[in-house]
Amino acid sequence: MKPAIGKILWVLLATLFVLPAAYLLLLSFSSSWHFPMLFPDALTSKWWAWSFASRYAVIGGMGLSLAIAAGVSLISTLAAFLSSRWMALSRHRNGLLLLAYFPFVLSPVVLAAAIYIFFVRLGWNGSVAGVIFAHFLIAYPYAVILFSGYWNERLLTMDALAATLGAGSFQRYRRVLFPLSRGVLALALFQTFLISWFEYGLSSYIGMGRVPVLTVQVYRYISEANPHMAAVASLLLVFPPLLMLWVNKRFLIRLI
Amino acid sequence: MRILRKDSAAGRMGLAAVFFLSFFLSSCRQAESKAELSPLQMSWEEVLQEARGSTVHLMMWQGDPFINRYMNEYVKPKLDSLYGIHLVLLEGQGNRIVSQVMTEKEAGIRRGGIDMGWINGETFYQLRQIEGLFGPFVEKLPNSRYIDFDNPFIAFDFQQAVEGYECPWGNVQQVIIYDSLRVPDPPRNMEALAAYVEARPGTFTLSNDFTGMTLLKAFLTELAGAPDTFYGPFREKTYLKYSGKLWDWLNHYKKYFWRRGETFPDAVASLHQLFINGELNFSMSNNDAEVDNKILQGLFPESTRAYVPDHGSIQNSHYMGIMANGANKAGAMVVANFLISPEAQWRKADPAVWGDGTVLARKKLSREWQKKFAAIPHRKYSPSRDEIGEKAIREFDAEYMIRLYEDFRKKVIEN
Amino acid sequence: MRIRYLHRKAGLALHVLLTLLPLAAGGIYALLYSVGLAGSLAPGFTLRYWDSLISRGTLWQTFAYSAYIMMVSVLLSYASALALVISGRGRLMQQSRSRIFYLPLAMPALVLAFFAFRFFSGGGWLASLAFRAGWIESPQEFPELVNDPYGVGIIFVHFLLAFAFFSIYLDRVYANERIGEQVQSARVLGAGYGQSLRRVVLPMILRKTWPAVSLYALFVFGSYEVPLLLGRSSPEMLSVRIVRMLSRFNLEDRPEGFAIVFAYMMLSVLAVILLRKSKGGLR
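Residue numbers (our numbering), protein chains in the order written: chain A, -10 to 245; chain B, 7 to 421; chain C, 2 to 284.
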């Protein structure tokens, strides 16, 4: 690659990648911006002020999204860590792992549509707990697949060694497995968090509009043709992942 | 499958656990609904008492910022301070309400997730069909005495008598919206419209939602020559005859529509957006005061106007229905009663708030309220209600709407 | 020891339940609904819903359109990322400026689709630019980039997301598999640049990455938010169509919607099994 072409390529890529966020940022501060204006006619902070006002529930929705995503991330990471370890010891590990791929490849909103009747029957639709459980159904298989390559011979041997030395099950998790797995656990925690944080179709279907997570609000503002508020809600949605990028960019590379 | 057999003992245990859990949960829900007194048998005082401190879930279309603001900034706080009711708005149009109630029925749920819904027409019809509506409750509401039930546009919803199963909330007439700078002489009938789109292709379309279907009814009226062709119950022959002509007309001229008629905006909000952006020269609305309210919001240019073509346009009412399996019927009744109070109706009628026509009969109101209604600021950009009222067409039987939706997709979009 | 063995078994049984039950229960319900055996308007066993879906051709149309969007966006993004990674010789992500590749991954598809709509529509920012430059006189003249027949808008968003992901992923594979060193030895043995590319680099990367690429393709196939905002009324992508049919005014459409749900589920199961059976596929 010639240096000049390389530079141009980098500039192009940077534009492509930075543009969406930059555009939305400007949109969220513009009082009006439509054809054929290249830039907004005036800047205003009113949309941001509105979104912080309680009746617009944007900030509330963000808090709800955070709580749901945190819950989903904790439960699915822990459950998948345990079951993937048991799986590694099982004779059927390949078959068990295969099962995790089924919900994993399915479109979440179609999964929601297919099992909605059961959620209604159990009274879980339209509730925060129901949305958490539905997110768990897709985040858990993801975490299982993530952990599946992690349980190697060395780790299992160390675990067995600790057992031989008299450590109980709980002690082995606390003193051996968790400390050794800090990296992969963090990865799973953040990635399952993002799966839940970004989810729209499943959340709106199961949540029935009663669980106004941030993605549901973005869509609502888009469909009432209120682009400025949609931009504000979008930026709030992008903020936590950007923070993660700053902490550790590896957390963002995920398959969904 | 091998896994299941090998682990059968544990598997059975797990299954049993899940079934036990679900049984436990569903029985909990059943226990809540032990013999309750119907609010229809209570006095209004008792209804108010029952409703105090409760939460009401109202599912409604939320595609308009002004309507949302009216609900969030006026109705919600008022209900809270007057009756201690916490109102929660759920996003969802008519079809969402029907499919939710339907799913709850299929799941055998007696206490559903929606207490009341903003409905009319085919939604009312379908909810009645699946026995999804509670009632007759309207007479029970103290404020219902003001409602203008002598007006057939209010007492009948898509040719179907309301019979107390939904409470009128607002009355509107469809208008076509245009920019008078771009369109000095808007088309007055289908022939003129055809000539217009041929000359200016890509500047007109209709939305694939209730607003667009409502326009199609006006087209059907022009094709039939007389509006009363479609009054009365659904007639297959009549429908096939005139809808056939309509699809032919649309399929012939749609190549001059926006995107050559290969796709249609999915909602009226998208239509407005395209109009604002200058992609379209026309928009439309089922709210005849829409232009005033959108100009006040700064969304439409001040040269925007609205009119009703010579073929007339549908005038209809929208209503509040209470779900038969709703968990809080008393609360929903109090909300409905508040929504038809003179004050709530008067505020709603102001074009700066929403501009929705009232369902109350002026002559039944106190002198004071009559004056207040008369003093509502006049529309500046929309035609007066009296003027367009002369061209009002009554809604057709709900079955026509259902068929239009289906055939518009099958015979025009997918054609 | 016995007790511990039991709780492991119970745990794994729970795993089976969590992964299989939703799919099995949802699939069976969808199947029953589609043949008239479930639902409150169930007419009793009938194949007329399947018949009408198949004879009208809309079932194939939906699957074909989703497959088209999937193929084009994945192939385009994979090929571009591959070209970029090869020309960067697997050291792309070592540069600090490479952080920008992570930006699209921080954006949900819904937000990117919203941006694409505002940017590419006839009254959007690009059209404004074209207007100012004097290329167009009205928004109608601007080329269709969203809600368009070829799904350009949908493909753009999927491309942006997948291109960023594949670039990072392929770069890592290039480094981990020491492909650079392999090329060097091939060159020492007399292979030309083109030859080493064809014989060494491409086969190695393809073999290593195709399972992940296939999974990614399946996500695009089932994507919802992006076609919801940027697609057109017809043809629709699979998820959009299913959700619309399940909440239609015409209550008779629900069975047809469930028929598509069932067909899609079967297809997904089949895809996973095929991926598993094939050489070098899923573990």
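It should be emphasised that the hints constitute simulated quantities derived from the structure, not laboratory data. Some hints here could point you the wrong way.
What the hints assert, rightly or not - Here are the simulated DSBU-like cross-link-like pairs (lysine-lysine), alpha carbons at most 30 Å apart as the crow flies:
(1) B:Lys261 / B:Lys247
(2) A:Lys35 / B:Lys386
(3) A:Lys35 / B:Lys84
(4) B:Lys369 / B:Lys82
(5) A:Lys35 / B:Lys82
(6) B:Lys417 / B:Lys247
Said to hold, decoys possible - Far from chain C, some chain A residues (derived; all Cβ distances over 12 Å):
(7) Leu16
(8) Ser20
(9) Ser34
Just so it is clear, the structure is predicted and the values come from calculations on it, not from any experiment. Just so it is clear, CB atoms sit at the ideal spot from N, CA and C, and this is done for glycine as well.
Against the structure, the hints:
Of the supplied pair hints, the one linking lysine 261 of chain B and lysine 247 of chain B holds, its CA atoms being roughly 23 Å apart against a limit of 30 Å. Between the alpha carbons of lysine 35 of chain A and lysine 386 of chain B the distance comes to roughly 27 Å, so the proposed pair stays at or under 30 Å and holds. Only pairs whose Cα atoms come within 30 Å are accepted, and lysine 35 of chain A paired with lysine 84 of chain B is accepted, the gap being roughly 25 Å. Restraint check for lysine 369 of chain B and lysine 82 of chain B: the C-alpha separation of about 28 Å stays at or below 30 Å, so the hint holds.
For a cut-off of 30 Å, the pair hint linking lysine 35 of chain A to lysine 82 of chain B stands: about 22 Å separates their Cα positions. Taking the CA atoms of lysine 417 of chain B and lysine 247 of chain B, the gap is about 14 Å. The hint holds against a cut of 30 Å. At the 12 Å boundary, the C-beta of leucine 16 of chain A falls inside the reach of chain C, the nearest C-beta of that chain being 7 Å off. Distance check for serine 20 of chain A against chain C: the nearest CB is about 16 Å away, which clears 12 Å, and the non-interface claim stands.
Non-interface call for serine 34 of chain A relative to chain C: holds, since the shortest CB-CB distance, roughly 20 Å, exceeds 12 Å.
Hint compliance for this structure: hint 7 is the single one not met.
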